[in-house]
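Given the structure of chain A, go ahead and fit chain B onto it with the hints provided.
Protein sequence lines correspond, in order, to chains A and B. Count along the first sequence from 1, add 863, and you get the number used in the working numbering. Count along the second sequence from 1, add 21, and you get the number used in the working numbering.
Simulated from the structure, these hints should not be mistaken for lab results. Glycine included, each C-beta is placed from N, C-alpha and C at the ideal position. Misleading hints may appear alongside valid ones.
[Claimed, not checked] Calculated cross-link-like contacts (lysine-lysine; reagent style BS3-like; alpha-carbon spacing at most 25 Å):
#1 Lys1256/A with Lys250/B
#2 Lys236/B with Lys1254/A
#3 Lys250/B with Lys306/B
[To be verified] Covered stretches of chain B (chain A as the covering partner; in silico rule of three or more C-beta atoms under 8 Å from a C-beta of chain A):
#4 109–115
#5 368–375
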Amino acid sequence: MMILKLLSAFIFPTLLGYLLVELIASKEDTFKPFEKLAISYGAGIGLLTFIMFLIGAFKIPINLSSILIVCAVLFAYPFVMVARKIRVPRFSAISIDLKDIKWYEWALFSLISLRVIYSYFIAMIKPVEDVDAFASWSLKAKVFFVEQGLSLGKTHGYFLGIGHIYYPINIPLFETWIFNVLGTWNDLLIKAIFPTFLLALIVIFYYSMKRISSRAFSLFSTYLLTTLPFLIYHSATTYMDFPLTFYFFSSFIYLIIYMRSGNRSCLIISSLLAGICAWTKNEGVMLALITLLAAFVYFGYFDKNDNRIKASLSVIYAAILLFFPASWSIFKIIYGVPSPKDQVLYFSKMFEYADRIPVIIIFYFQKALFYGHWNLAWFVFILVLIFSLIKGKFSLENTFIVGAILLCMGGYGIEYYLSKSYDFLIYGMTLNRNFLTFMPLVIYYICSAIPAVIRNVPERSLNVGSDRR
Amino acid sequence: MRFPALFISTLIFAIAISFSSYCEEVAVREWSPYSGIEGLITKDNALIMRSTSQMPLLITKDNIFINASRFKVLEIRMKSNKSYMAGRLFFRRIGDPGFNYLNSFEFQTGLNNTYRKYLVDLGRNPNWFGTVTQIMLSPINGEGSVDIESIKFLEPSIWLTARIFWQEFFTFERPLPRTINFIYGPRINGISINTYIYSLILFISLAMIAFYWNKLGGPGKLLTILPSKIIMICFIFWLLLDARTAIDQFRSAVIDRQTFGGKSLEEKQALSTNGVYYDFYHYLKFCGEKIPSGSRYSLIVPPNSTYFLEKSRYYLYPTYENTMEAEYVLVYDPQKTIKSDEIPGKGYNKYADLGNNRYILKRAAGL
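Looking at chain B on its own, in the form it has when it is part of the complex:
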């Protein structure tokens, strides 16, 4: 009698251990605004703030000392008035000169105005090792209000892993410019959900073959019975995957309504010309008003900005983009990354200025 009791209690203890995990919480007092955040206050042990930029940033002191090899899961409990935003957490280890994208994790938020827990599997980033001394958090990627109740680093456990897998399955694949070329579909642990489904179908099919083989006493009628059952199983998974797709489509509709709903065509065009330089559309409008229709222009924008060149052609037409015969030079450099020798000087005069390094040059007469 003693042995079973001992065995069961050991088993329960082992399960309890595997499902539990120790956590390290970064207390609210550790956080302060870094950029793009207004009105940060602490209320009921929660951080309440308003984002005013595309990447609002909160930062901790540089002495939090988190053991990366021990804590491999991040849990953030927060809410925002914006649905389905992308957050990012940057980390800095002892010896790192600063923050960078390689040392960061992205996570996605859910529907607005509801507190939710977001889990991030930190162990997937190969740079997550050593001792982390400082973290920086961008809770959402745009303007809006944010309430953060807790930020915890957790030890991994089976329960947490299952929760991460579940959350991953429902991770929203946000429509991006590249979505026009491919949609990956749900992934778990970085592997397509189809891999798991095919394995399950194979396992179930083999089990059915064994069952019917045994029941019918041989392979005789297997080919009559099995195809319909296997295809039925496939359809069940097909429909489940479709339900999952429908959730993403609903989320896309919510985001688009949130972004474009109730706006004028011009506002929508401005919003669809987004990116790092999100006021580019207004600059194009300014140029469209200043440059006579039918004239030729060249555009000087920061490096790797063909997107903006094509946008300028699209919105400024019937003004023509023609670098060789340009009468006007449109300079758009709010980030001040263009070298001075890239901007024509001699023979060109400033024609109109929108401020913040956004202006138009006009070729002098006689050139």
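The following block holds chain A by itself, in its conformation from the complex:
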């Protein structure tokens, strides 16, 4: 019975997300069925928790009935409007002749599957045990569940669920949702959230590679993603870094797919996922802004639409993306939620902290290439980058990806340089976790640039793809 409840706790937000994806991409088969489900999982969670957040912000009790009523009210009209257009995912359409699959493709698929099974096993065999998880994230979820609200009274000292109160509450609220569906507090079953994010990330990564390469190479690329030990480890923990990784990668990659294909559904999905990225962790705001910057640069310099369309696309993109962090910021102002002291940037101390710069560079170098256990990803990334530069084979999409990776490194670097987060760098607490958030992009860059480097063929570049609309 518990398993059925757990399944329905996952199916409901995925259905919400599916409805939304169908609304956005109603005209064309932009996404494959599994890809659509993977997007729906991430988008659905963001949507559901945001609804829960709004309910809580208005001090309405957060329980199963209130959530379902609000969801019904919000989604009934758009659902009825497009009900006829909504298509059930046709998995039968995926007609793969098993005999066509080569033995090495089976091998790669098995290796990827093993990692997913491992992640589920490690996550689900034990309850929440990681420090920040029980000190903050899952404690918040428990408080929200027991109090049936966001705990906005300041009298008992557990305001906003205690712990890191200045962080957004996407995943804690999803844990609260699961407790509500289960009808009880269970800190073991909620851990299924995180391996499912891994599964969704793998699916999106595979299909994003599949758009530019063969099935075998896409499988190999996806396998490379699963060879990152820290990524697999985090997919079985209860920290926010892995969901953040999922949201950032998926938002950025759909922006890249828009650049390649001109498909506006991908653009909307990208902005939605970037917004939820900012709704997952404070660091997500920086990552979302990097995505926004990339979108603006693309609209400004490379998009071939006319200026009016470009302007409206920019506004829509920014509006969807900023909606989530803006709502959270307004909420924080209204309820007097303090800002994190560790993340305040002291620009006035720019020169005083100059001696931090070489330390940050050394830490980056050490963690990326030697002691972060990113396998050989960074080494190969640098090699491929050098070969691409020497050979002059650099597609616009890959320029954006490399730019985003460098901006992420720079953004985190500035935080270490000008804020108290420097201590977290010195004690080795956050650097690897921050790297984690953009590692799928690093692997994606390696795999998308390698064919051009080793085969001496041009990279799949902007507007070359046949799926441009």
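Coordinates of chain B only, in the frame set by chain A:
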């Protein structure tokens, strides 16, 4: 004819010398239980025992006299019914007042129920010098059975060094609370395996450049040929490293199954609240049953125990941790390390007692 024969025999002798080493064995009769060990017996020249604590300890007499500058490798042949445990060997030199963590070495055990040899490079500890008079061994870090067949101190040799490097490469990086922040990856001689791989890739690349340069008569097509080959080599090492990672992931799965498999949620929660005070979860359960929901408490635990404060908030909620307005004071001090002035006396009465310095105080009415 004589010179080559002499040369070859000298070479073989030199290799044999470099690969061989003299050993000093600590005989089984030298060992006796120190703490956390039950049923120690000697059978077929092996020590057989059962651990009953987190750090079971065996100790030798204080007159074993091992020359630390000569013997730099420790070899333990043992088996346990628990997989992938951490063992520790403490040593005490002439003049040392006692044992301490600085004078110790950690080693890791492999899969259960199989005799294996574990090598420890003693020379890496800067305190390994002089004459060692006594050693203390914790073969595993938990409850379980242990059979130790031999404990030897060996002179270093090339063969032993190679074996230590090989063992180091496969050393299990156990998931710990800090693993959430970083995984170091395999190291050899304290240096990341990536350093060795980069050196190898560089060496192979240079060799290929030289080869193709010579073959093609110049640098002309090097840029067409080499990138693909270099990247292929990188991928081969990448896959090998992944195979190594997979071993650690398998070990993690085995440990988690061993620890949590078949247990109830409550038992799992207790096991995940581990540490030195491993019964803290049971104390929290006791408090949860005694203190009314919604009341406020403060927690008094040994110094540097914020971990327990956060655990108490997590498990005791909807009871609130609030030091300033506490109606209840939870005292957890099984090790008796809390000073008496840290525990409120006046105005508080003992409310419930779990024994062994684990109790609850309640603020008297009217205060």
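To see whether the hints hold, each was checked on the structure:
Note on Lys1256/A and Lys250/B: the hinted pairing holds, with a Cα-Cα distance of about 18 Å set against a maximum of 25 Å. About 22 Å separates the Cα atoms of Lys236/B and Lys1254/A, which keeps this hinted pair within 25 Å; it holds. Proposed proximity of Lys250/B and Lys306/B is contradicted: the alpha carbons are some 61 Å apart, above 25 Å. Closer than 8 Å: that is the beta-carbon criterion, and the region 109–115 of chain B has 0 residues meeting it against chain A, so the requirement of 3 is violated.
Under the rule that three or more residues need a Cβ within less than 8 Å of chain A, the assignment of the region 368–375 of chain B is violated, with 0 such residues.
Comparing the model with each earlier hint shows violations of hints 3, 4 and 5; every other hint is respected.
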